[in-house]
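Input sequences plus hints: build the corresponding full structure.
Taken in sequence, the protein lines are chains U and E.
According to the working numbering, the first sequence is numbered sequentially starting from 2.
According to the working numbering, the second sequence is numbered sequentially starting from 103.
Read the hints as simulated data drawn from the structure, not as lab findings.
No experiment lies behind these values; they were computed from the predicted model shown.
Any given hint could turn out to be false.
Pairwise CB distance ranges (calculated) [unchecked claim]: (1) Q10(U) with G155(E): 20 to 28 angstroms; (2) D129(E) with E16(U): 28 to 36 angstroms; (3) D167(E) with N53(U): 40 to 48 angstroms.
Sample of chain E residues facing chain U (criterion: CB under 7 angstroms; computed from the structure) [to be verified]: (4) G163; (5) I195; (6) N211; (7) G212.
From the structure, some residues in chain U lie toward chain E, with a derived Cβ separation under 7 angstroms [unchecked claim]: (8) G17; (9) N32; (10) S40; (11) R42; (12) L49; (13) Q97; (14) G104.
Note that the Cβ used here is the ideal one computed from N, Cα and C, for glycine as well.
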Amino acid sequence: SQQGEEDPQALSIQEGENATMNCSYKTSINNLQWYRQNSGRGLVHLILIRSNEREKHSGRLRVTLDTSKKSSSLLITASRAADTASYFCATDRGYQKVTFGTGTKLQVIP
Amino acid sequence: GAVVSQHPSWVICKSGTSVKIECRSLDFQATTMFWYRQFPKQSLMLMATSNEGSKATYEQGVEKDKFLINHASLTLSTLTVTSAHPEDSSFYICSASLAGVNSPLHFGNGTRLTVT
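Structure, rendered in structure tokens:
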């Protein structure tokens, strides 16, 4: 079963704007990961945040984790048309057996 | 580094035939690989965990006799869809990870299976 739920399901923004996606989950986790998927392709790992971390940055990406609320957010700053893709959160409860969220489809309009 | 190659990228087969999908870790050894299935506009569903040298572990509701998994070496896992039916048409993706806790997964590019 899918543990993570993401919102919004779809997001359309103008190039240069920031995009924020949220993920909620139900059980305790070792870490939470964010992945990106271009249409018809495999997933690309973006960032991993451990359960004892609250915020992490990587380039234009900022991820937060609130284990008390069982939620995470992914912020993409200064979006580009090339950021258009589906974004998934994935929770790892151990042994790297991750469970994926429902995904957010992001469209960045040039 | 950490490249996972999946082959074929797409395949069309007739009902009743079997199809084999390969997943290779090109520049690292993977004792564990994972197989997922993804329906259009949906998330990834974990099908099974492939363990090198031992039997795969299947998720609840996944028929192990239908989806045969073999992990004969540290760099290769195969998924065979046996006696395929149109409802097996889907996007199948594999992943592998470098050893260690809190390591990200590296994904193949997926295989689009169409059963006619």
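Do the hints match the structure? See the list:
no. : hint                                    : result
1   : Q10(U) with G155(E): 20 to 28 angstroms : violated, 41 angstroms
2   : D129(E) with E16(U): 28 to 36 angstroms : holds, 35 angstroms
3   : D167(E) with N53(U): 40 to 48 angstroms : holds, 42 angstroms
4   : G163                                    : violated, 10 angstroms
5   : I195                                    : holds, 6 angstroms
6   : N211                                    : holds, 4 angstroms
7   : G212                                    : holds, 5 angstroms
8   : G17                                     : violated, 27 angstroms
9   : N32                                     : holds, 5 angstroms
10  : S40                                     : violated, 10 angstroms
11  : R42                                     : holds, 5 angstroms
12  : L49                                     : holds, 5 angstroms
13  : Q97                                     : holds, 5 angstroms
14  : G104                                    : holds, 5 angstroms
Checked against the numbered hints given earlier, this structure breaks hints 1, 4, 8 and 10; the rest are met.
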